[in-house]
Structure formats: C-alpha cells, structure tokens
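Number of protein chains: 6
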Amino acid sequence: MPTMHIELFSGRTKEQKRELVAALTRETCRVLGCEPASVDILLTDVERENWATGGKLWSEA
Amino acid sequence: MPTMHIELFSGRTKEQKRELVAALTRETCRVLGCEPASVDILLTDVERENWATGGKLWSEA
Amino acid sequence: MPTMHIELFSGRTKEQKRELVAALTRETCRVLGCEPASVDILLTDVERENWATGGKLWSEA
Amino acid sequence: MPTMHIELFSGRTKEQKRELVAALTRETCRVLGCEPASVDILLTDVERENWATGGKLWSEA
Amino acid sequence: MPTMHIELFSGRTKEQKRELVAALTRETCRVLGCEPASVDILLTDVERENWATGGKLWSEA
Amino acid sequence: MPTMHIELFSGRTKEQKRELVAALTRETCRVLGCEPASVDILLTDVERENWATGGKLWSEA
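Just so you know, the sequences run in chain order A, B, C, D, E and F. At position 33 of the first sequence (counting the first as 1) the number is 32 in numbering that gives the first Met the number 0, and the numbers step up by one without a gap. At position 5 of the second sequence (counting the first as 1) the number is 4 in numbering that gives the first Met the number 0, and the numbers step up by one without a gap. At position 57 of the third sequence (counting the first as 1) the number is 56 in numbering that gives the first Met the number 0, and the numbers step up by one without a gap. At position 7 of the fourth sequence (counting the first as 1) the number is 6 in numbering that gives the first Met the number 0, and the numbers step up by one without a gap. At position 57 of the fifth sequence (counting the first as 1) the number is 56 in numbering that gives the first Met the number 0, and the numbers step up by one without a gap. At position 43 of the sixth sequence (counting the first as 1) the number is 42 in numbering that gives the first Met the number 0, and the numbers step up by one without a gap.
The hints are simulated quantities; they were obtained by calculation from the structure and are not laboratory data. Where is the CB? At the ideal position from N, CA and C, for every residue including glycine. Heads up, a few of these hints could be off.
Said to hold, decoys possible - With the C-beta cut set under 7 Å, the calculated list includes, among others, these residues of chain B facing chain C: (1) I5; (2) L7; (3) E18; (4) L19; (5) A21; (6) L23; (7) E26; (8) V30; (9) L41; (10) E46; (11) S58.
Bound-form chain A, shown alone (with noise of 0.2 Å):
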C-alpha cells in the first residue's frame, strides 16, 4: 500500500504529471513487488514563494 506525496514547483503540465505518476508506480511496483493499484500518488504544486531553500524564497532568488 505505498502512498506518496510528491511536493514540486507550479508549471507543470498535465502530460507531465500523467507520465509522473505512470513512470513512478510501474517502478515502485517493480521494485516492491506490489499491485499498481495499491499504490496512491498526490501532487502537490508549490508556489514559489512558498518554498525557501537557504533561509531564501525562491521566487526572490
């Protein structure tokens, strides 16, 4: 029953997220042995201002 949370930038198309979730629940059932539909994958989009590496917004840098 994995579940994974996925946190990543604002921008990404629709195509990339399909290809996303496909690509990493085929290789986290091959890896684990698990049935695809055991896995969940939840997206988060993050703005950039809401994201800070180093003490520094990214949408300041």
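Knowing the structure of chain A, use the given hints to seat chains B, C, D, E and F on it.
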C-alpha cells in the same frame, strides 16, 4: 493533542466539512479520552489531476 | 478517496487504535458518502520529546 | 538536511514569509550546526474553512 | 526541487530502498527535466497496526 | 495557529530539540504576531537509510 490531516477530493460543501470535523473530533475524544480543544483537523482539497491510483490520474479515469 | 494522517502521543493501546479507525472511517463515509474501502488512515505515534506547544517539549512539561 | 513544513492561515504577506524563512533557517543552523543551504522550508497557506480546532472550523468561529 | 514522502509497510530490505530511490529519482528527472541532486526522497516505514483501510487495521486483516 | 513539521536526521540531543523548538516558536511569534501557545512543532527523527538525495540513500554516502 491529536492532529489530523485529511486529503479529500475538491468539491465538498462547507456544510460537509463542518459536519465532518465535528464528527471526527467527537469520536476521537470518545475513544482516546481527550479534550475537544486538543484536536486539530486540517483539510486539504485535492484536485483530481493531482491524485493518482494505479498509475493513473483521477482526472483521466 | 479520503486519506487521513493522525499524529497522536505514543501509548495508545491496540484496542484504542482499532476502535478509532473504525469510528473515523464510519463517520467519514456517513458525511461524505464514500465507500469504507476508499478510506485510508495512517497513525503516527509521537514521543513527547518530539512534540512542542508554546515552545516547550511535552516531555519537559 | 532539515526539512520543514509550516501550515499557517492564509493572509500572510510576502514580506512576512520572507522574514519568517530567513529567521527559522538562521535559528535552525545555529542550534543544529548545519549549513543554511541544507534547510528547506515549505509553507502551506490554509483557509479558515479548512482548519478546525475543537471540532469547529475557524471560518465559523 | 521535487520532494517525495513515501509511506510503505515496514519490512522492506535496505537493497529495495536503495533501488527504489534510485529508480524514482531517475524517472522524476527524466519526466520533469530536473537535476538528480534536486530530488529528495523520505521513506517512512509504517507498522501494520498503524495503517487502516476500510476501517480495519492491517494487523487485524 | 501555525503548525510545523520538521524532519531531521536522527541523533540530535534532547537539549538541541529543546533549544530548537524554543527558538523557532519565538521567531515565528515575532514575525507573525501570534501567541506562543498557538504554535505546535512536531519533530521527526529520520534514519539515514530512509532519506535519499540525488537518488542515493544517506546511509550509503
């Protein structure tokens, strides 16, 4: 101090959210013997294009 | 497909966990009109030395 | 590699966010002895209708 | 800067974890066009008594 | 009501945790103008075999 995060598909009404948090808080306090004021619940509305099961986005299902 | 994450202090019995997930699933399905099989709940036992309120660890309270 | 997720009510200004991530990164590095570049902070703006305490949504308070 | 959190049942070998993070990072970079160094993955081992589906703990299934 | 989740490598002392939550709460209240009692911080100790960057577990680095 139970803290709950609930991810659910977008589209629930405010009335459903109101009833949901009241019911979950009541049941949690009944089972765990805690004070209602100690229960925090955070709801996250998830778009179907951001949730995949079996390698497929729900927006494509 | 509601997914819940619940953080609670360590020390709950298996019986309390069993009753808690049953009650929360039942209430969620009643309010949202979803199938029980679509509800996932993940519990996280948190040690008092890993939870702070008001700037103070609960293990120090 | 500390990673922080901070949930806060919507409505904070970009200036507050900028100051918050700078201060939290500085203090984390001071206490843990890590490099600023290793600190990631993700902010989540939460609407009052999605946060409940004591079984009541903050939008209803 | 994609960050992934993966919850999976306890009991996976270190070899499976090694292979899993390598594969997921490779696929993520291929689809999103990002640098491997920008991908962080955090695994959480979940005991069956802490995961419920359909209102029932997996330890009871 | 800011709530923080902080993931950090296992091995921090109780004294570091105590100082960390005090400092982060103080700075958060200073910047956001909130009451200390409204700040919750949850720390998660992560083993190096459960954290990967660039497709490689830190336990293998």
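The hints, checked one at a time:
no.: 1; hint: I5; verdict: holds, 5 Å
no.: 2; hint: L7; verdict: holds, 5 Å
no.: 3; hint: E18; verdict: holds, 5 Å
no.: 4; hint: L19; verdict: holds, 5 Å
no.: 5; hint: A21; verdict: violated, 9 Å
no.: 6; hint: L23; verdict: holds, 6 Å
no.: 7; hint: E26; verdict: holds, 4 Å
no.: 8; hint: V30; verdict: holds, 5 Å
no.: 9; hint: L41; verdict: violated, 10 Å
no.: 10; hint: E46; verdict: violated, 12 Å
no.: 11; hint: S58; verdict: violated, 13 Å
Hints 5, 9, 10, 11 from the list above are not met by this structure, while the remaining hints are.
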